[in-house]
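Can you make the complete structure from the sequences, with help from the hints?
Same order as they appear, the protein sequences are chains A and B. Here this note's numbering is used: position 123 in the first sequence is 751, and no number is missing along the way. Here this note's numbering is used: position 73 in the second sequence is 701, and no number is missing along the way.
These aren't lab readings, by the way, just hints derived from the structure by calculation. This one's a predicted model, so the numbers in the text were calculated from it and none came from an experiment. For each residue, glycine too, the CB sits at the ideal point set by N, CA and C. Be careful, since some hints might not be right.
What the hints assert, rightly or not - Pairs of lysine to any residue, SDA-like flavour, derived with a Cα cap of 25 Å:
1. B:LYS706 - A:ASP800
2. B:LYS786 - A:SER696
3. B:LYS686 - B:ASP656
4. B:LYS825 - A:LYS682
5. A:LYS786 - A:ALA847
6. A:LYS676 - B:LEU796
7. B:LYS805 - A:THR826
8. A:LYS805 - B:GLU701
9. A:LYS842 - A:PHE820
10. B:LYS786 - B:ASP831
11. A:LYS805 - B:GLY717
12. B:LYS655 - B:SER846
13. B:LYS676 - A:VAL799
14. B:LYS635 - A:GLN695
15. A:LYS676 - B:TYR798
16. A:LYS825 - B:VAL799
17. B:LYS635 - A:GLU701
18. A:LYS686 - A:MET725
19. A:LYS676 - A:ILE708
20. B:LYS676 - A:LEU796
21. B:LYS812 - A:THR715
22. B:LYS805 - A:LEU681
23. B:LYS731 - B:ALA704
24. B:LYS805 - A:GLU701
25. A:LYS706 - B:ASP773
26. B:LYS807 - B:SER846
27. A:LYS812 - A:ALA832
28. A:LYS805 - B:VAL799
29. A:LYS635 - B:ASP642
30. A:LYS825 - B:PRO797
Said to hold, decoys possible - Okay, the calculated beta carbon distance ranges per label pair:
31. A:TYR834 - B:GLU647: 51 to 57 Å
32. B:GLN698 - A:ARG643: 35 to 41 Å
33. B:ASP728 - A:GLY707: 50 to 56 Å
34. B:ILE651 - A:PHE730: 47 to 53 Å
35. A:ILE651 - B:ASP734: 37 to 43 Å
36. B:GLU705 - A:ALA650: 50 to 56 Å
37. B:ARG643 - A:ARG838: 39 to 45 Å
There are 2 protein chains.
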Amino acid sequence: MKVSVVKNILEANDRIAQENRAIFDEKDLLVFNLMSSPGAGKTSLLEKTIDALKEDLKIGVIEGDIQSSQDAERIAEKGIPVVQINTGGACHLDGNMIRDTFKEFDFDALDLLVVENVGNLVCPAEFKVGEDFKAMILSVTEGEDKPAKYPLMFHESKVLLINKIDLLPYVDCSVEKIKEETLKINPGMTIFEISCKTGEGLDAWYNWVREEVKTRRSARKQ
Amino acid sequence: MKVSVVKNILEANDRIAQENRAIFDEKDLLVFNLMSSPGAGKTSLLEKTIDALKEDLKIGVIEGDIQSSQDAERIAEKGIPVVQINTGGACHLDGNMIRDTFKEFDFDALDLLVVENVGNLVCPAEFKVGEDFKAMILSVTEGEDKPAKYPLMFHESKVLLINKIDLLPYVDCSVEKIKEETLKINPGMTIFEISCKTGEGLDAWYNWVREEVKTRRSARKQ
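Given below as structure tokens:
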């Protein structure tokens, strides 16, 4: 009984996510869904990425939080459109919540929409929101055992950013082991090693995002 | 509709948790439910706590993970009884999962049972398992904004362990701010500042646990 309820919720969500996706397609908008544990660096990565790309790309952000609007305020300081979703307790964003933000955006004026999910390494991986792909962050302070322990998010994501590499001298964590365990679960994962604090590794990420926007457009035009 | 389904699940869980609690009461067993984000240090804290207390207290552990048994293996090395629950995808432990482990334990031979929940700062806070209290860990690498962003867990817990204080020189995080924000949400929270790596602050925690076991017993005998 419980399983069938959950399954119905997921199916209903998938339908809404597909409808969202059709709208994003029509607007030629690249959308990614950014997920991680609390405090892994989602908002910091967004701040850096916006600074680096905002001359080239018009970026919008949807901020998901249980409550509070601290992250949306941080993003709004960058002078780009941002909408806060407060889930009021729910542990992830779903397609319907994303849909509710559409009236707040002018999608014709955007190239890239980033959805920052609630900080949670488990539940957001189950729910599509209409994104082109899921991106995830793991910080080295969380430890190298996380791919094996939270496999769904590693399986569902197209790109993994291993963050806080500036802390590697002070923590017991092997980036090689994270990569090895990740590729067992998801052999196609694109992986970046970054520090949002020092900026190390971020140029490769920025270029990858630029390419993704371009690739999506040319695919669309064919 | 969705809300009422969730409410029924929570109510059914509360009933099972109460039944579990009655069994723990009968056996004079202190039970706490340990929660945090992935990688905040739940298993490391348990390893240290078992080493420090196992001469004085007979300790058992229930390990909750989505899949894998790495944590249970770490705890089993301490020579104490440990049972692994694999939730198979579920983001938290519930009363029923805990109930299923009872046949594996001899509660008459235990003073303290620790339930290590799935790494998730959101969902486990909603589900009672029959514990005397919830304990939570926040690592300083997660940032000082977490109490305001994930208030339920801070509200539901009796004790907060602020872990990885050895990393404070390298991260932008104020322990004072964490404490201030926590006490706004939960003025009665007992707070410890610890490092499972260096051992700093752990003696106060060990003594507190010893006192909790004693207090529970004398309350029971009256």
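The hints, checked one at a time:
Simply put, LYS706 (chain B) and ASP800 (chain A) have alpha-carbon atoms about 21 Å apart, close enough for the 25 Å limit, and the pair holds. The straight-line distance between the Cα atoms of LYS786 (chain B) and SER696 (chain A) is roughly 23 Å, inside the 25 Å bound, and the hint therefore holds. This hinted pair checks out: LYS686 (chain B) and ASP656 (chain B) have alpha carbons roughly 12 Å apart, not beyond 25 Å. Simply put, LYS825 (chain B) and LYS682 (chain A) have alpha-carbon atoms about 41 Å apart, too far for the 25 Å limit, and the pair is violated.
Restraint check for LYS786 (chain A) and ALA847 (chain A): the C-alpha separation of about 18 Å stays at or below 25 Å, so the hint holds. Annotation: proposed proximity of LYS676 (chain A) to LEU796 (chain B) holds, straight-line Cα distance about 23 Å (limit 25 Å). Annotation: proposed proximity of LYS805 (chain B) to THR826 (chain A) holds, straight-line Cα distance about 24 Å (limit 25 Å). Our distance criterion of 25 Å between C-alpha atoms is met by LYS805 (chain A) and GLU701 (chain B), whose separation comes to about 19 Å.
Between LYS842 (chain A) and PHE820 (chain A) the CA atoms are separated by roughly 20 Å; this keeps the pair inside 25 Å, and the hint holds. For the hint pairing LYS786 (chain B) with ASP831 (chain B), the CA-to-CA distance comes to about 18 Å; that is within 25 Å, so the pair holds. Between LYS805 (chain A) and GLY717 (chain B) the CA atoms are separated by roughly 23 Å; this keeps the pair inside 25 Å, and the hint holds. A C-alpha spacing of about 13 Å is found between LYS655 (chain B) and SER846 (chain B), which places the hinted pair at or below 25 Å, so the restraint holds.
With a CA separation close to 17 Å, the supplied pair LYS676 (chain B) and VAL799 (chain A) stays within the 25 Å bound. For the hint pairing LYS635 (chain B) with GLN695 (chain A), the CA-to-CA distance comes to about 20 Å; that is within 25 Å, so the pair holds. For the hint linking LYS676 (chain A) to TYR798 (chain B), the alpha-carbon distance of about 19 Å falls within 25 Å, and the restraint holds. Among the hinted pairs, LYS825 (chain A) with VAL799 (chain B) is consistent with the structure: their alpha-carbon atoms are about 9 Å apart, no more than 25 Å.
Between LYS635 (chain B) and GLU701 (chain A) the alpha-carbon distance is near 33 Å, which puts this suggested pair outside the 25 Å criterion. Taking the CA atoms of LYS686 (chain A) and MET725 (chain A), the gap is near 22 Å; set against the 25 Å cutoff, the hint holds. For the proposed pair LYS676 (chain A) and ILE708 (chain A), the alpha carbon gap of about 13 Å is at most 25 Å, so the pair holds. Between the alpha carbons of LYS676 (chain B) and LEU796 (chain A) the distance comes to roughly 23 Å, so the proposed pair stays at or under 25 Å and holds.
The suggested pairing of LYS812 (chain B) with THR715 (chain A) holds, with an alpha-carbon distance near 21 Å, which does not exceed 25 Å. For the proposed pair LYS805 (chain B) and LEU681 (chain A), the alpha carbon gap of about 33 Å is over 25 Å, so the pair is violated. About 18 Å separates the Cα atoms of LYS731 (chain B) and ALA704 (chain B), which keeps this hinted pair within 25 Å; it holds. Among the hinted pairs, LYS805 (chain B) with GLU701 (chain A) is consistent with the structure: their alpha-carbon atoms are about 19 Å apart, no more than 25 Å.
Between LYS706 (chain A) and ASP773 (chain B), the direct Cα distance comes to roughly 20 Å. Compliance with the 25 Å bound is thereby established for this hinted pair. The suggested pairing of LYS807 (chain B) with SER846 (chain B) is violated, with an alpha-carbon distance near 31 Å, which exceeds 25 Å. For the hint pairing LYS812 (chain A) with ALA832 (chain A), the CA-to-CA distance comes to about 23 Å; that is within 25 Å, so the pair holds. At roughly 23 Å between alpha-carbon atoms, LYS805 (chain A) and VAL799 (chain B) fall within 25 Å of each other, so this suggested pair holds.
Taken as a hint, the LYS635 (chain A) and ASP642 (chain B) pair is honoured in the structure, with Cα atoms around 23 Å apart against an allowance of 25 Å. Taken as a hint, the LYS825 (chain A) and PRO797 (chain B) pair is honoured in the structure, with Cα atoms around 14 Å apart against an allowance of 25 Å. Between TYR834 (chain A) and GLU647 (chain B) the Cβ separation comes to about 55 Å, which falls inside the hinted range of 51 to 57 Å. Checked against the hint of 35 to 41 Å, the C-beta distance between GLN698 (chain B) and ARG643 (chain A) comes to roughly 37 Å, which is consistent with it.
Against the hinted window of 50 to 56 Å, the Cβ-Cβ separation of ASP728 (chain B) and GLY707 (chain A) comes to about 54 Å, which satisfies the hint. Between ILE651 (chain B) and PHE730 (chain A) the beta carbon distance is about 51 Å. The supplied range of 47 to 53 Å therefore holds. For ILE651 (chain A) paired with ASP734 (chain B), a C-beta distance near 59 Å fails the hint of 37 to 43 Å. At roughly 53 Å, the beta-carbon separation of GLU705 (chain B) and ALA650 (chain A) lies within the given 50 to 56 Å, and the hint holds.
For ARG643 (chain B) paired with ARG838 (chain A), a C-beta distance near 55 Å fails the hint of 39 to 45 Å.
Hint violations for this structure: numbers 4, 17, 22, 26, 35 and 37, all remaining hints satisfied.
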